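Trainee: With the hints as your guide, set chain B onto chain A.
Chain order of the listed sequences is A and B. Its first residue numbered 1, the first sequence is counted upward by one per residue in the UniProt record's numbering. Its first residue numbered 1, the second sequence is counted upward by one per residue in the UniProt record's numbering.
Source of the hints: derived by calculation from the structure; they are not laboratory data. Nothing here was measured: the structure is a model prediction, and the numbers come from that model. For each residue, glycine too, the CB sits at the ideal point set by N, CA and C. Incorrect hints may have been included.
Keeping only pairs whose Cα atoms sit at most 30 Å apart, straight-line, the calculated DSSO-like set for lysine-lysine is [what the hints assert, rightly or not]:
(1) B/K75 with B/K139
(2) A/K180 with A/K110
(3) A/K421 with B/K24
(4) B/K139 with A/K14
(5) A/K108 with A/K86
(6) A/K4 with B/K118
(7) B/K24 with A/K4
(8) A/K143 with A/K110
(9) B/K208 with A/K421
(10) B/K177 with B/K118
(11) A/K421 with B/K118
Simulated DEER-style distance windows between Cβ atoms [said to hold, decoys possible]:
(12) B/E119 with A/M286: 38 to 46 Å
(13) A/M1 with B/Y12: 33 to 41 Å
(14) B/V20 with A/Q13: 35 to 43 Å
(15) B/D93 with A/Y358: 53 to 61 Å
(16) A/M1 with B/A180: 30 to 38 Å
(17) A/Y406 with B/E119: 37 to 45 Å
(18) B/D15 with A/Y406: 26 to 34 Å
(19) B/Y12 with A/L2: 30 to 38 Å
(20) A/L2 with B/V20: 32 to 40 Å
(21) B/V20 with A/Y406: 29 to 37 Å
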Amino acid sequence: MLIKLAWRNLWRQKRRTILTAMALALALLLSLFMRSMQEGSYANNIENSAKFSTGLIQLQHVEFEESQSIEDLLPATDEFIAAARKLDDVERILPRLESYALAAAGDKSKGAMVLGVMPALEDEYSSISDKVVEGEFIKADDKSVLIGQGLADYLSLTVDDELVLYGQGYRGQTAAGLYKIKGIVHFPLPQLDNLLIYMPLPLSQTLFSTGDQVSAWVIDTRDLTRLEQTMADLKREYSATLLKNTSQHSLLDRNGKSQVNVRDWEDLAPEMAQQIAMDKAGGIFMMYLLYGVVGFGLFATILMMTLERYREFGVMMATGLVRTKLLGLVILESSFISLLGVTIGLALGTPLVVWFHYHPIQLTGETAQMMLELGWEPILPMLLSPWLFIDQILIVLGLMLLCLPYPLWRIYRLDLVTALKGGGHVN
Amino acid sequence: MSIQTTQLRKTYNQDTDFPVHAVKQLDLNIEQGEFVAVMGPSGSGKTTLLNMIGGIDIPSAGTVVIDGIDICSLKDQALIAFRRDNIGFIFQDYSLLPVLTALENVEFVMQLQGHSEKECRERAIALLNQVGLGDQLHKIPSKLSGGQQQRVAVARALAPSPRFVMADEPTANLDAKSTAELLDIMQQLNEKEGTTFIFSTHDPRVIKRARRVIVFEDGQLTEDRVQ
Numbered sequence: 001m002l003i004k005l006a007w008r009n010l011w012r013q014k015r016r017t018i019l020t021a022m023a024l025a026l027a028l029l030l031s032l033f034m035r036s037m038q039e040g041s042y043a044n045n046i047e048n049s050a051k052f053s054t055g056l057i058q059l060q061h062v063e064f065e066e067s068q069s070i071e072d073l074l075p076a077t078d079e080f081i082a083a084a085r086k087l088d089d090v091e092r093i094l095p096r097l098e099s100y101a102l103a104a105a106g107d108k109s110k111g112a113m114v115l116g117v118m119p120a121l122e123d124e125y126s127s128i129s130d131k132v133v134e135g136e137f138i139k140a141d142d143k144s145v146l147i148g149q150g151l152a153d154y155l156s157l158t159v160d161d162e163l164v165l166y167g168q169g170y171r172g173q174t175a176a177g178l179y180k181i182k183g184i185v186h187f188p189l190p191q192l193d194n195l196l197i198y199m200p201l202p203l204s205q206t207l208f209s210t211g212d213q214v215s216a217w218v219i220d221t222r223d224l225t226r227l228e229q230t231m232a233d234l235k236r237e238y239s240a241t242l243l244k245n246t247s248q249h250s251l252l253d254r255n256g257k258s259q260v261n262v263r264d265w266e267d268l269a270p271e272m273a274q275q276i277a278m279d280k281a282g283g284i285f286m287m288y289l290l291y292g293v294v295g296f297g298l299f300a301t302i303l304m305m306t307l308e309r310y311r312e313f314g315v316m317m318a319t320g321l322v323r324t325k326l327l328g329l330v331i332l333e334s335s336f337i338s339l340l341g342v343t344i345g346l347a348l349g350t351p352l353v354v355w356f357h358y359h360p361i362q363l364t365g366e367t368a369q370m371m372l373e374l375g376w377e378p379i380l381p382m383l384l385s386p387w388l389f390i391d392q393i394l395i396v397l398g399l400m401l402l403c404l405p406y407p408l409w410r411i412y413r414l415d416l417v418t419a420l421k422g423g424g425h426v427n
Numbered sequence: 001m002s003i004q005t006t007q008l009r010k011t012y013n014q015d016t017d018f019p020v021h022a023v024k025q026l027d028l029n030i031e032q033g034e035f036v037a038v039m040g041p042s043g044s045g046k047t048t049l050l051n052m053i054g055g056i057d058i059p060s061a062g063t064v065v066i067d068g069i070d071i072c073s074l075k076d077q078a079l080i081a082f083r084r085d086n087i088g089f090i091f092q093d094y095s096l097l098p099v100l101t102a103l104e105n106v107e108f109v110m111q112l113q114g115h116s117e118k119e120c121r122e123r124a125i126a127l128l129n130q131v132g133l134g135d136q137l138h139k140i141p142s143k144l145s146g147g148q149q150q151r152v153a154v155a156r157a158l159a160p161s162p163r164f165v166m167a168d169e170p171t172a173n174l175d176a177k178s179t180a181e182l183l184d185i186m187q188q189l190n191e192k193e194g195t196t197f198i199f200s201t202h203d204p205r206v207i208k209r210a211r212r213v214i215v216f217e218d219g220q221l222t223e224d225r226v227q
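Chain A with its partners taken away, still in its complex shape (with noise of 0.2 Å):
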């Protein structure tokens, strides 16, 4: 009888029910469409970087993350990767040797970053073919290399023309070769475009005498979501109590530690993590001044609720019904009220944001031509995912349980007497 007299209570004041409920549903759903378009923003900036650069997870050498040293590498056998390629999360697996050497042509010379890829996986990955303004892009078993445009023109280069690479091997040894130009690739960082090239992987090895070893393994899990779960697989997998257990004694140190350092793309690019995390903040924040603002007219209603049946609750406590059931009658009808707000705010919101997840926002102008130039795709996509739901359902339902002390303190309050004369006074 209590629940069917808290939802016919909702209805003697249609308006302001109606109003309250739609107030909390708009914000639900401009928070729900804002905050799935900004995790959309947020995966789609991770996976195209991480293409371009870092990639999602890397294992690397425990020492590499600090040295940055050809020294410190990790095998780049079947036998070591092994363990990542059986998790069913790893979508694919590119080793890369990654060093720095001086690039020479005639009288000029420039530092620059070596990049040793199995070129067809890479170019599957970031389709870096793509990027190749002059010549071709390489093969693995190639003796030429990839260059960036700016360090070409820097160094006066063209396709076919020859370059001097010349740095640290492996273990002190001298690095330093000859090679032919195959392509010239355009990057539209400056910073890329300035300073890297490609080679295929067997011939930095040669060129670094690194032998059977790379400076990283990139690993691309099937979903974003999954990446917590990845490097807490990959992890155990590389851990030194399971690397005891196998011949890879190698990958453990003297006091017994793994030598083997997961790493996700928020360790490797540090500034983007932060300027994703503040831009999140800013997110969060704007969505809780709008649930702020809704909150006030939930309370509100809440308080009036109470407030104009005074009489009523006295005539109910003099005829029998304890405290207890009367504050609950009012939790019930608040509850009644957001559950009717979140009901409306997710019919509307969920269609809105499934229909932008698969048709998203197309970018047109500047900023259009800017991503395509980056090698991303010109749209603001839409996260589709449980939590973003769970979550502002879990915001509208916690406004509510901070709406209802108030009105329940003065319900506990109320003095019978008073209330029978319909006053709003508690003693």
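Mentor: The following block gives chain B in isolation, referenced to the frame of chain A:
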């Protein structure tokens, strides 16, 4: 089975320079089955007296003993339970729950006692039939006349089978016909079921029907007569 008050006193604004003595040193005894009218001018303390013997208001001094229990000494929850099981209330403005039908209003108080749905339904229908509203069961209060609403209030007051019914000026808003019908119903219930009715009123039509009239003036009992 009786209500006994001893040295009952109620003073408002007790700790101020202008205390209001609503009820002064009242000794009263009301036996079960009585049909009592408490009359007096406005502000004489009638409602305060009803509230105190109905367990709604707490006396400033003295005791109210019902069936051997000093209700003033009961804790909040125990007092609510005692009131729910032993005392019914009828208010001047009917005070029905506006969103519940006549039937649901009567059922509601029985459900608070923990009766089954079936029991509540059967007794509520029987009571509403008894007050002549058998054909108005599913109407909400706003669709009923004042007289009909007050009859629902009577059925609601009687639903938990109380031994005493406190009626605070129950006919004040009713026309002559409705008043007569309502008093007939209450008189019948009093005679058939032995329910004690205590009215606060200054309506001569009620006073005429009462078997005992208590006259109250300035918080004091000035006359107690049996008619």
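Trainee: A separate judgement is required for each hint: does it hold in the structure or not?
Mentor: Hint check:
Annotation: proposed proximity of B/K75 to B/K139 is violated, straight-line Cα distance about 37 Å (limit 30 Å). At most 30 Å may separate the alpha-carbon atoms for a hinted pair to count; A/K180 and A/K110 meet this at roughly 17 Å. Of the supplied pair hints, the one linking A/K421 and B/K24 holds, its CA atoms being roughly 21 Å apart against a limit of 30 Å. Taking the CA atoms of B/K139 and A/K14, the gap is about 20 Å. The hint holds against a cut of 30 Å.
Proximity of A/K108 to A/K86 is assessed by CA-CA distance (about 47 Å); at most 30 Å being required, the pair is judged violated. With a CA separation close to 17 Å, the supplied pair A/K4 and B/K118 stays within the 30 Å bound. As the CA atoms of B/K24 and A/K4 are separated by approximately 44 Å, the hinted pair breaks the 30 Å bound. A threshold of 30 Å between alpha carbons decides the hint, and for A/K143 with A/K110 the separation of about 21 Å falls inside it, so the pair holds.
Proposed proximity of B/K208 and A/K421 is supported: the alpha carbons are some 28 Å apart, at most 30 Å. The straight-line distance between the Cα atoms of B/K177 and B/K118 is roughly 34 Å, outside the 30 Å bound, and the hint therefore fails. Between A/K421 and B/K118 the CA atoms are separated by roughly 34 Å; this puts the pair beyond 30 Å, and the hint is violated. Between B/E119 and A/M286 the Cβ separation comes to about 56 Å, which falls outside the hinted range of 38 to 46 Å.
The supplied range of 33 to 41 Å is met by A/M1 and B/Y12, whose beta-carbon atoms lie about 36 Å from each other. Take B/V20 and A/Q13: their Cβ atoms lie about 36 Å apart, and the range 35 to 43 Å holds. At roughly 59 Å, the beta-carbon separation of B/D93 and A/Y358 lies within the given 53 to 61 Å, and the hint holds. The supplied range of 30 to 38 Å is met by A/M1 and B/A180, whose beta-carbon atoms lie about 33 Å from each other.
Judged by the Cβ atoms, the range 37 to 45 Å given for A/Y406 and B/E119 holds: they are separated by roughly 38 Å. Between B/D15 and A/Y406, the C-beta spacing of about 28 Å keeps the proposed range 26 to 34 Å intact. The hinted range of 30 to 38 Å is satisfied by B/Y12 and A/L2, whose Cβ atoms lie roughly 34 Å apart. Roughly 38 Å separates the CB atoms of A/L2 and B/V20, a value that falls within the hinted 32 to 40 Å.
Remark: the range hint 29 to 37 Å for B/V20 to A/Y406 is upheld by a beta-carbon distance near 31 Å.
Going through the hint list in order, the structure does not satisfy hints 1, 5, 7, 10, 11, 12.
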